[in-house]
Amino acid sequence: MRSARQIRGLGLALLPAALVLAPLAYLLALVLEAGPGTLVTAIGRAGPLELLANVGLLAAGTTAWALLLAAPLAWLGTRSDLRGARVVQWLAPLPLAIPPYVGAIVYASLLAPGGLVDTFLGGFSGGPSRAISGLLPIYSLGGGIFVLGLFTYPYLFLLLRAALLRLDPALEEAARSLGQGPWQSFLQVTLPAARPALLGGGLLVFLYAVVDFGVVSLLRVRTFTTVIYNYLLAGFSLAAAAGLSLVLVGIVALLLFLQQRTLGAGRYSQRGTRSGTSPRVRLGSWRWLGWAYLLLVLTLSLGVPLAVLAWQVARLGSPAEIAAFLGSQFGYLRNTLIVAVGGTTLALAAATALAWLASRVAGATLAGAFLQAGYAIPGTVLGLALVGLYLRATPWLYGTPLALAIAYFILYAAPAYQGARAALAQVPPSLEEAARALGRSPLQAFREVVVPLVRPGLAGAWLLSFILSVRELAATLILRPPGFDTLAVRIWVHMMDVGPDPRGAAVALLLVAAIAVTWLLLLIVRPPHTPMAFT
Amino acid sequence: MTSRVTPPVLRLHDVWKSYAGRAEPAVAELDFEIVEGEIFTLLGPSGCGKTTTLRLIAGFERADQGQVFLRGSITANSRHWTPPEKRGVGMVFQDYALFPHLSVLENVAFGLRDLDGEARQRRCDEILGLVGLSSHARHYPHQLSGGEQQRVALARALAPRPVLVLLDEPFGSLDADLRRQVRQEVRTILRGLGSTAILVTHDRQEALTLSDRVAVLQAGRIQQIGSPEQIYHHPATRFVASFVGPAHFVPGQVRAGQVVTELGTFPYDDEVDQAPAQVDVLIRPEEIEIVAVPRGRASVTGREFHGPDVSYEVQLDSGLQVICRPAGPPLHPVGARVAVRAVPKRVVLFPADTSPQSSVLSPEPPSGERSRPWTPDPGPGTQDS
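Keeping their order, the protein sequence lines are chains S and Z. Residues in the first sequence are numbered consecutively from 1, following the working numbering. Residues in the second sequence are numbered consecutively from 536, following the working numbering.
Isolated chain Z (complex conformation):
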């Protein structure tokens, strides 16, 4: 009996792209899949290749090698290349790219040429209603606020029911308060439509709150793909660990099933990998507890009040400096003697060298990170019992 696996919406296989005059490739060895209805984020610092990846998927750039598949069909490889207008991939640009000479309605209707007038109007009304801009249909882009323009850009990209929608740093030009609200609205809209979306951002908050899965990129290569929880709590490399959240790498020694650090001793199952004696333990600020102790081995050197919690800058007598972010009272004054200890939910170790590429030691195998790789249907006439 043949069991057919539904092809993923998008698959990139071993994609490379270099630009003339640059020694390093913009993207290298890109390989991942995206399934239907998923919100997938490409996260990384500027220059990491995330926008290049997006443009390769959209068809505005051509890869040097590798293949791109959309819904199982080859879209780009060394012999074949589908131009952007034939890919059915929607895109929301960083600068929105709204057509200034067309009204909101005309902008949204721009990709609906294949529909007849009545169907087109209905679809526009539907999508404008979804983004909450029905009353602005006759306005022009320059008459709208930044948040409204962004929603028009989204509506325009979604109206033709694209197989995939790409968003290039869509919240970058909004101010902070607006950003969070718009983010939530966009997520609701995408979920409501069941859209498959790829988001590009350097903002880790965005990546963590919006995505089903995140791919962390650095220097053109994918460092790790996983759910937000996975990359936050089980980072594969030091770079991922420090990029997705504040991170301390506390020196420690492995002895007899334990890791001993200044902030505490934690159990460590070294059966899986032979960890070296010297390691660095990943400790995040929210995992550090702080207690006022008159003769404690640390003192508070700085404090920031955030509302729901406080972050303390703590200097241990040994010289180690940590940021600690416990929830709730009491409020420790600057200069107070305290004791700190870490209570990590899981122990993540890195070798004691400082290369950001260094991989985590014996990472907990994340479950379900990658689905079984999809292979093309062998076609009729072959037996696949």
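Chain S on its own, in the form it takes in the complex:
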């Protein structure tokens, strides 16, 4: 009898496993097909050591920069007496509405040779100036670090903030009562308690930098993802692209494994109420430094992007011309919505079913694990693999919106699954059992008790996955049906073909608006214990 259950569990795991493993298996097949000799020379030509160094520097720099931005902010908001801590809490995560590649086009517009800053300064010196753009080259590894860190720091901020809030104030009070000053209690009590969040959040940002495609391609940084994409475009040495992809997936898997070990149970915000808050440090005249810092971070991550985008849009012409242009983009908005809605809904349905089964059927957790594993596949790699797979296995699927929706499903089932699990965790089995003891069949109990309680959580999970799908760039570039561009693709195409120009900025503004609206819905619907989504 036990083996029948195990077989059933394995059966459940089959579809998610296939979705995740098939692309990887295909890449492996490509690699094996090519044979070691050609593979080695092809990869060698790409300069793998240089790539590794680039990726390593990029990721490490991004993490450090994000930490520099996030940590003081989190501390100011939870441990200092800076007035307007609420403001910090609300404004700091907002840059998440701006996809990092939009941030890239903003700062490229500003700091490119001949860009906005140059033109502005040129107005003073009477000719094009290269002073700032020479000093701060945006098309460089440094530029990549700057932009990536600036637009991923909110993840780290949110995790740090949650950890600091969760910390029992009694611990810090005990430290203070034992004679430790604010700095010492910070080092001895606060910092160790925040370590899981620091490590977990740091790994998260690191991972994001490793798999990013949008920013590095726009800012001409050479990493795994850009090389893979170029090989694919050029159509030669797909085996090398596959080989590089597998290396990248290996790195990601390692990072995710580390992330699981450190972040683990600390994923959800604290349950229950705590009396009292942690002791606050009086800033006194340092208050102004706090405010200045806060202002600087918000300006760089929120103020400048919105201002630059608005400025660029204004340059399109009269309001009528602007409206006309935006109107012309609505087809792309529609495309974006179609595939995002399709992929997200599929993902949530599968995730909810598996999450519900996870606590009731042995082996369902395995299926859930596979479902989440898709998250580990970088967008570029998935695009590469699926393109080949579709052509070979299901040619009728190739070049259709469904193909793209499936990619979103694979990529973003993980946040949907985590959200579904969190929502279902609010419904202990005893509630369903109580309904059954009162005369309801299992299906009726599910409908009358479980569904009403998980609806807000599921809605939140859907919206989260939806936001991620809407802004996805790497896989979309590769898999998009001809003539079926999404907003993200249009932004990228404008930037790569033309450079920083008003039309790209206008589309970017449209995308940011779409994300912001969805995010607002999420905040309204969001129950108190939704998990943090990564990237």
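A few of these clues could be false.
With beta-carbon atoms standing in for the labels, derived distance ranges [unchecked claim]: (1) Z:P635 x S:A60: 44 to 50 Å; (2) Z:P635 x S:E321: 50 to 56 Å; (3) Z:R881 x S:P452: 46 to 52 Å; (4) S:I524 x Z:S680: 27 to 33 Å.
Calculated from the structure, these hints are not laboratory results. Note that the coordinates shown come from a computational prediction; the quantities given were computed from them, not determined experimentally. We put the CB at the ideal spot given by N, CA and C, even for glycine.
Assemble chain Z onto chain S, guided by the hints.
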């Protein structure tokens, strides 16, 4: 003439349940009956199988072997299994399991779907009045205190007039003062309705004060079933003796119709069983008297004042340590020399080995512990003169 015996509300016969991956069964050889209007408690330490037993009765678990009968009809056996929603068994969960999205009234009405609107409303009003929560009908569970939530859970389980109501550690999450008061209220409600109830607890106070009969479980097996007095004063095994109350096992020697111990000599009728020479006598703290004697063979090493009585930690010169809990004055100071002696109402002996399973020697046959086992009506066409 046929004499029909009313079937008991619940009967378990030779029920076993094991979980995968565990060597020992969760419950084994469960066999007992419960009669109408009785409050029956399953008492035991955590992991003893009492919650498993409850869930087997409710239908949330399926036994590996054995039968469950409700009101005489087979509810579960190797071929047949009634799902929980068809059993008519109410349950109060440890975490109350109130539906957070429904009001108190809607929670209570949840099991009353078979009634029409007016009858349903009347029943809800009636039951809410009984538990004293009429004014909270429109509130939601999170707006109520722990004690109030517990009462809603009880009302919800009782509203559909179940044949049996099960309570899984219902007072566990209440703080101590509240617990006693709520316990009494629940007992009054159950008695008032004439409900048949099974309570699961690890708290011996609860078991002793609330129950008509108690089944003591350990490691999945029933050690003893009896009234609270029976299991307290006539424990069948050492485990039962020490679990239901503080117990000393004082070494003694059996000689010629007597048991001789350090705390006194007691008559012992060894006609019934040949007791070995070495035994342990069960002595409870309240059975030990203490007198201040300047050259007594014991001294007081500790004292706890409880209000109505005091408990003393007494160390005899021989090395034996006992807790003694006499009622009332005088108050002996710590360090005082005293003499102690036991005055047990009845003599309960155990063999001198220390296995907790060891059964009492010649237990006084408890009267009326088990009713005549019920057998199914043979049906028409058979003569049973």
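Going through the hints against the structure:
1. Z:P635 x S:A60: 44 to 50 Å: Hint holds: Cβ distance 46 Å, inside 44 to 50 Å.
2. Z:P635 x S:E321: 50 to 56 Å: 54 Å Cβ-Cβ, so the 50 to 56 Å window holds.
3. Z:R881 x S:P452: 46 to 52 Å: With a Cβ separation near 58 Å, R881 (chain Z) and P452 (chain S) fall outside 46 to 52 Å, so the hint is violated.
4. S:I524 x Z:S680: 27 to 33 Å: holds (31 Å)
The structure fails to meet hint 3 from the earlier list, while all remaining hints are met.
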